[in-house]
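Chemist: Sequence:
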Amino acid sequence: MIKNTPTAGCSEYICRTFVIRKTLEMGKDITNRADDYSQWYIDLVKKADLAENSDVRGCMVIKPYGFSIWEKMQQALDKMFKDTGHSNAYFPLFIPKSFLAKEASHVDGFAKECAIVTHYRLKNNPDGSGIMVDPDAKLEEELIVRPTSETVIWNSYKKWIQSYRDLPILINQWCNVVRWEMRTRLFLRTSEFLWQEGHTAHATSKEAEKETLQMLDVYADFAENFMAVPVIKGKKSEGEKFPGAIDTYCIEALMQDGKALQAGTSHFLGQNFAKAFDVQFTNKEGKLELVWGTSWGVSTRLMGALIMAHSDDDGLILPPKLAPIHVVIVPIFRTEEELAKISATVESIATSLRKLGLAVKFDNRDTYKPGYKFAEYEMRGVPVRIAIGPRDLENGTVEVARRDTKEKQVMKMEDVVDEIPKLLEAIQQNIYKRALKFRTENTRKVDSYNDFKKALDETPGFILAHWDGTKESEAAIKEETKATIRCIPLDAPTEIGKCIYSGKPSDRRVLFARAY
RNA sequence: CGGGGUGUAGCACAGCCCGGUAGUGCGUUACGUUCGGGACGUAGAGGUCGGAGGUUCGAAUCCUCUCACCCCGACCA
0 MIKNTPTAGC SEYICRTFVI RKTLEMGKDI TNRADDYSQW YIDLVKKADL AENSDVRGCM
60 VIKPYGFSIW EKMQQALDKM FKDTGHSNAY FPLFIPKSFL AKEASHVDGF AKECAIVTHY
120 RLKNNPDGSG IMVDPDAKLE EELIVRPTSE TVIWNSYKKW IQSYRDLPIL INQWCNVVRW
180 EMRTRLFLRT SEFLWQEGHT AHATSKEAEK ETLQMLDVYA DFAENFMAVP VIKGKKSEGE
240 KFPGAIDTYC IEALMQDGKA LQAGTSHFLG QNFAKAFDVQ FTNKEGKLEL VWGTSWGVST
300 RLMGALIMAH SDDDGLILPP KLAPIHVVIV PIFRTEEELA KISATVESIA TSLRKLGLAV
360 KFDNRDTYKP GYKFAEYEMR GVPVRIAIGP RDLENGTVEV ARRDTKEKQV MKMEDVVDEI
420 PKLLEAIQQN IYKRALKFRT ENTRKVDSYN DFKKALDETP GFILAHWDGT KESEAAIKEE
480 TKATIRCIPL DAPTEIGKCI YSGKPSDRRV LFARAY
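When we follow numbering that gives the first Met the number 0, the leftmost residue of the first sequence carries the number 0, and every step to the right adds one.
Careful, some of the hints might be misleading.
As the list claims (entries may be wrong) - As a list, the in silico EDC-like pairs of lysine to aspartate or glutamate whose alpha-carbon atoms are at most 20 angstroms apart:
hint, residue 1, residue 2
1, Lys240, Asp107
2, Lys234, Asp216
3, Lys96, Glu140
4, Lys477, Asp490
5, Lys240, Asp490
6, Lys407, Glu375
To be clear, the hints were calculated from the coordinates, so they are not data collected in a lab.
Given the structure is predicted, the values throughout are model-derived calculations rather than measurements.
Take the sequences, apply the hints, and build the full model.
Modeler: Take a look at the structure:
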């Protein structure tokens, strides 16, 4: 094969072996998105060392690397909450059954997915074969493992609020919740998940509504500027809103397979929970009035959004603002002496980069070859990789590779400190723009039910279409196409049209998609 | 809850149809050679074959029951 035309044949041979080799190696790692998107996602979560299934049904173990990304999200969000006047607090994991029953639509919404504590003691089996629940230790009243905390929090608010002077109450809690889902998927839907839930109480409807929309803006800001995921802000239809809310607002993101993902919600609760828990205050006029409420939350589901929005067949792609490691430095060396020389240079580069607030990892393990490390950090989505070898030491250069485009460049060592922060910023911008471009290209206006169905099957994505505003049409469309109204976009312009399903008049387009 | 699948070494799997020394790859340990895109050699360690019962001289393998998890649906702030 190589012997015929030495030069051309040789390079062709090398090239081909490389491709075959690469294909095999990649196949060994993660499924291609094009072959099976769902499997790609699962492979990626596991191979990037983000999380794994635990032996507890529907529950995941979030591994250190995955958790460190979640911590970065928490830090950024927590600051945004504090900056908008909120404080953190903590309420119990357990909710007495009677609490949950107080708000009718709330209990309807969650009843089918609750974990319930009925006993408080175990004992040895009489036959000595392990342990059993002690039937004598039955609880007077069952405890529900919180699926969300409105009830237990409003029960406290009743004690805390007497006068308009006690308002507003602006509280957030970081915690775990349990929803006994039929079917689970790592990060996207797990029986137990981590989240934050904000719960605020206000003297007026106007103020509560303002809070609801303010937090929606915070979420959108976070999604776009930290996660680099463009989102559409909107209002949920009656059928899709939170049980117990007057209005539910949300941010909706589009994943690479054309399915929508609800990335955060903010609810205007009206006086529903105040009514249920009898939370009244004396207003300035000395009259008793019910308190107005909001609640809002984002969860570890954001991890799913982050993964699916940007990553490729080689692994995770992380936005620099949420990457636990910004820059990984891989030394290329043969001997310990070479490594020692390189280390000296690396230390000075790493120190200067760290002074800029960057997380820099120097991977000087001698147990893995450089190629292995390159692949590993690509899998983990580290935005920038610097390679330094003997050749670089001679030339005073380094090799810089960016994860988002896989481009490599040779950079002068003295430029590194100036250029890397710019490069990270460029990556942050680039992946946002790429995601936005994808969304734009996969958002379609459709005016007939046939085109709607065709679009869903042939070119999945967001669909903007007219809807008559009725539950009946919404339900029928969902039943027939599995597409749901993701939201009524807040910025939707008034536009006269006809509902794609019923043909009845409509004054604006709403956002449809199949969703996670 | 319906459909499908899987439980055998840390991980991925073969062996089962047709019963008879529990295997392969990766990882791991030691040593040596390697190191600019996923290295290789040699030697070693590592297994209640998901669980219970049954058939049999003998069960990872056949039969019955059972448990668990995963995937695809249905459901779902």
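Chemist: Please go over all the hints and tell whether each is borne out by the structure.
Modeler: Hint-by-hint comparison with the structure:
no. : hint             : verdict
1   : Lys240 to Asp107 : holds (13 angstroms)
2   : Lys234 to Asp216 : holds (13 angstroms)
3   : Lys96 to Glu140  : holds (7 angstroms)
4   : Lys477 to Asp490 : violated (24 angstroms)
5   : Lys240 to Asp490 : holds (19 angstroms)
6   : Lys407 to Glu375 : holds (17 angstroms)
Checked against the numbered hints listed earlier, the structure breaks hint 4 alone; every other hint is satisfied.
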